[in-house]
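Throw the hints in and build the complete structure from the sequences for me.
Next come the chains, spelled out residue by residue.
Number of protein chains: 2
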Amino acid sequence: APKQRMSFSLSQGTRDYNPKQMAIRERVFNTIISCFKRHGAETIDTPVFELKETLTGKYGEDSKLIYDLKDQGGELLSLRYDLTVPFARYLAMNKITNIKRYHIAKVYRRDNPAMTRGRYREFYQCDFDIAGQYDGMIPDAECLKIVHEILSELDLGDFRIKVNDRRILDGMFAVCGVPDDKFRSICSTVDKLDKMPWEDVKKEMVNEKGLSEEVADRIGEYVSLQGGMDLAERLLQDHRMSQSKQVLPLARGLDYYTGIIYEAVLTQAGAVPAPAEAQKGAPAEESVSVGSVAGGGRYDGLVGMFDPKGRKVPCVGVSIGIERIFSIMEHKAEVSAEKVRTTEVQVMVASAQKNLLEEKLRLITELWDAGIKAEVMYKKNPKLLSQLQHCEESGIPLVAILGEQELKDGVVKLRVVATREEVDISRADLIAEIRKRTSEA
Amino acid sequence: APKQRMSFSLSQGTRDYNPKQMAIRERVFNTIISCFKRHGAETIDTPVFELKETLTGKYGEDSKLIYDLKDQGGELLSLRYDLTVPFARYLAMNKITNIKRYHIAKVYRRDNPAMTRGRYREFYQCDFDIAGQYDGMIPDAECLKIVHEILSELDLGDFRIKVNDRRILDGMFAVCGVPDDKFRSICSTVDKLDKMPWEDVKKEMVNEKGLSEEVADRIGEYVSLQGGMDLAERLLQDHRMSQSKQVLPLARGLDYYTGIIYEAVLTQAGAVPAPAEAQKGAPAEESVSVGSVAGGGRYDGLVGMFDPKGRKVPCVGVSIGIERIFSIMEHKAEVSAEKVRTTEVQVMVASAQKNLLEEKLRLITELWDAGIKAEVMYKKNPKLLSQLQHCEESGIPLVAILGEQELKDGVVKLRVVATREEVDISRADLIAEIRKRTSEA
Chain A
1 APKQRMSFSL SQGTRDYNPK QMAIRERVFN TIISCFKRHG AETIDTPVFE LKETLTGKYG
61 EDSKLIYDLK DQGGELLSLR YDLTVPFARY LAMNKITNIK RYHIAKVYRR DNPAMTRGRY
121 REFYQCDFDI AGQYDGMIPD AECLKIVHEI LSELDLGDFR IKVNDRRILD GMFAVCGVPD
181 DKFRSICSTV DKLDKMPWED VKKEMVNEKG LSEEVADRIG EYVSLQGGMD LAERLLQDHR
241 MSQSKQVLPL ARGLDYYTGI IYEAVLTQAG AVPAPAEAQK GAPAEESVSV GSVAGGGRYD
301 GLVGMFDPKG RKVPCVGVSI GIERIFSIME HKAEVSAEKV RTTEVQVMVA SAQKNLLEEK
361 LRLITELWDA GIKAEVMYKK NPKLLSQLQH CEESGIPLVA ILGEQELKDG VVKLRVVATR
421 EEVDISRADL IAEIRKRTSE A
Chain B
1 APKQRMSFSL SQGTRDYNPK QMAIRERVFN TIISCFKRHG AETIDTPVFE LKETLTGKYG
61 EDSKLIYDLK DQGGELLSLR YDLTVPFARY LAMNKITNIK RYHIAKVYRR DNPAMTRGRY
121 REFYQCDFDI AGQYDGMIPD AECLKIVHEI LSELDLGDFR IKVNDRRILD GMFAVCGVPD
181 DKFRSICSTV DKLDKMPWED VKKEMVNEKG LSEEVADRIG EYVSLQGGMD LAERLLQDHR
241 MSQSKQVLPL ARGLDYYTGI IYEAVLTQAG AVPAPAEAQK GAPAEESVSV GSVAGGGRYD
301 GLVGMFDPKG RKVPCVGVSI GIERIFSIME HKAEVSAEKV RTTEVQVMVA SAQKNLLEEK
361 LRLITELWDA GIKAEVMYKK NPKLLSQLQH CEESGIPLVA ILGEQELKDG VVKLRVVATR
421 EEVDISRADL IAEIRKRTSE A
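Heads up: the protein sequence lines correspond to chains A and B, in order.
Here the first sequence stands for residues 1 to 441, numbered as in the UniProt record's numbering.
Here the second sequence stands for residues 1 to 441, numbered as in the UniProt record's numbering.
Honestly, the hints are just simulated from the structure, not real lab data.
Just so you know, nobody snuck in bad clues.
Remember, identical chains collapse to one label, so a pair may be satisfied in a single copy or spanning two.
Simulated crosslink set (DSBU-like; lysine-lysine; CA at most 35 Å straight-line):
id	residue 1	residue 2
1	K312	K106
2	K312	K360
3	K192	K70
4	K373	K37
5	K95	K37
6	K413	K145
7	K354	K162
8	K145	K379
9	K37	K408
10	K37	K413
11	K309	K380
12	K379	K413
Quick caveat: nothing in here was measured; it's all calculated off a predicted structure.
Take a look at the structure:
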C-alpha cells in the first residue's frame, strides 16, 4: 500500500527528536540559556510565520529559500527565515530602542538538500542580541564573549572565532574594482568560500555575476589573507585600502550586516561527526566545509526598515547554530556509552502480590502530592520481575514495594535498584527517605 | 507610507510575547512540565510541518482549518493542527508500542477570527499521552488526575471536568435516529454547544446537516442532561439507551476519539478575562463560551491509520490549552500589581567615577566565570544615578560599585538596592557575599 507508506514519512529536511535526543537537547539548551541569563538577557517570542513582505528584501539572494504559505484567502505569509528580522520588526512595532534579549526557536529554509547535506530545513537558532545606542564596541565585545563562553562550556573541542567588518569588505571590493551595485551579490559569493574552493567561487563571480577575471583575481588576493593583529597591521599599510583593521575570508551572506561580522568554527574536524543524513551519501567534497557553529554581527539599519520614519536602532547579535552541536553531543554520548536518562523518576511503586492496584494508586498519589516523581505500571497485576526490569532499563533508582504484610505493618519495602538492598520504611518516613536517597544520587 | 506601515504588523491571529509575558509563560510551563515529569513522562519533538497527507482525513470538518504551505516544488506540506496526529505518525514510523510522553509546542489553525474571538491561529498545546495495551482504564484515569493536578496547582479558581464516552454518544445518535454516515458530522455540531445556544445548534443540524426536526429534538433532550453518578443511573434505566454510563453535553469535534472523552472548564466566569483581542469588539454572545482549558480522550485507531498493516496502538491523552491560562495569569499579575522580573540578574557592576570601564569589565568577567548573573552598562562613563535607576526598574538587588579608592584598597562597595545599605567587601569575598545575599532573597 504505497499511499499508506507515504503517509508515515517525514517531510524532507526535517526530523523528529526522540526522548534521548530531547534529553541531550535540554542539556545543551540549559547551558546556553544559563549563559544568556548570566549576561542579563530577557527573552521574547514571535510567531513562526510573518507577513511575507516583512521578510522581503532582507536576505539578498537567500530570499529564494523562504517558505511561503499557500494563499488560502487573506494575507500572504512566510515562515520565518531567521530570528533577527522578526526581532527588528518587534522592536519597530513596539517602539523599543533598548533591549538585551535572547530568543530560542525554530527557523525554516528551503535549502537544496543535494547541495547542503547535513543541513536541516527546520532548525533551531539561539539568538542573543543587544539593541541600543551605546559607546564604543562594548555590546559587540559582549556578543563575542558569549560565543566564547558557550563554546567553552559545551566542551566541543578547539574552535576559532573569525572576525571581519562589513566596511572592510566594502572597502576591499571598491579597491578591487567591483561596481557598487554588485557589492552585496559578490559578498554572497565570497561567503561560499567555506563550502567551495576558490576556483569555483571565482568561476561564479566571472560566469554568473559578470566580474572580469582581473577583478576576481584581485579579490582572490585579499580573501586568501588570514591572521590576527599582524594582518591588521599589514592591511593598514596597504595603500589600496583606505580603512581597515582585519580581513579574513569571511563574508556572511545576509544583506543586513553593517559593521562587525563574526563566525565561530570548530577546528578539530575529526571530532565533528557529520549528521546521520549527511553521512549516507555525502561525497568527499564535504570535507571542505568547516564546522560553523555560531555567527552574527552588527546590523544598524534593519530596524529602521520597519519604521515609517526610518528611525534607526543600532543592533548587534549572535546566533548559535545548535543542530551541529546536538550532533556532536549525541555522538559523544554514544561513544562514551553514557546512559542518558529520559525521565527523572525517583521511585517505582510496585507489588509482588496480586490485587493491590488500589493500594498502589493510593501510595503513588501520596508521593505525587509530595512532589516525588513516581511511576506505577498500568497493569492490574504486573509481575515483580517486569516491574524491576522497567526500573533497570529506565534508570529508576528506587522501588517502593507493597505487600499484604507491609500494609498490615504500616511499612513499605524500599529497594535500591543498583545494590538490591531492601529496607522496611514506615509509611510516615517514606517520603523523607526517598528524598534523602535520591538527592544523594 | 502605507507599504511601510503594513510591513511592521503581525499576521492575523498571531502574537508576540514580550519579556514580561515570557516570564509568566515560563512559570506556567514549569508547573505543567513538573507535573508531567512527576508522572514519569519522557518528551519528544516533531517538525512544525508534516506531509499534507499525514493530516488528511484525521480532523473531520475541521480539516478546512489546516494551513497548507505553498507548492514551491517538491512535497505538499501542512502546518501541524495538533500534536496528536504527529504523535501517532511518530509511533507508527518508529514502531513504538509503549510510551508515556509529553510534547509542548505550537499548533496552527485557520480559525475564522470573526467567529472565534480570543482564539489564536498560532497557539501552544501541552500534551501528555500514554500509548500501550494496558489494563482497565488506568492510563485514562492518570490523564484525568494530571488535569486535576495542573489546574489545582495553577490556582485558576473552580473548574469542572466534563466526562463522556464516544460510544455513549454514538449510542445516543443511534437511538435518536441519526443515520450512521452522519454521526461524525452531527458530533461536530453538538460540540458547538459550548459556543452557541441550543437553538442555533439545532438550526445547523436541520438546515445544514439535513436532520429532521424530530431527530434534532430527540438529541436536544439528551444533550440537555447533566450530572454525575445520578445521571449515569438514570441513563442506565433509559430503555432507549443500550449501554451507557454518563452523558454530558460534550462531544469534542475531532474525528479520532474512540472511547472516553473529557474537557475541563473554568466555572468562575468572572475570573476569566477575555484576551485583549477579544475584548475590543466582542459582542455579548461571547458569554455563552465557557473557559475550556483542557481536553482529550482515548483514540485507539489513530496509530493504525499510519501503519501499513493497520496494527493498532491504543492511546489516551490530554491537551492543556495554555493560551487562556496565560491570559488569566497575566490578568492576575496586573490586578495584584505584582512586579514580574524579566531577568534574574543578581548584581550590577557600577562605578561613580570616570574611566573605569576596563576595571568594571575585569570584575564582571570574574563574576560571570563564577556563575553570577551580572550586568554592566554599555556606556564608557555612565552616571551612578542612571546605573542605580536601572537596578530599581529591573529589580536587580545588588550593586557592586568600583572607585579609585576601592581599587587601591582591594575592595568593592556592595550596595543593597532596597535598603541603600553599603558595605565594603574584599575582592576575595565578593562572590561568596553576592551568593549569600541573593540566595536569601
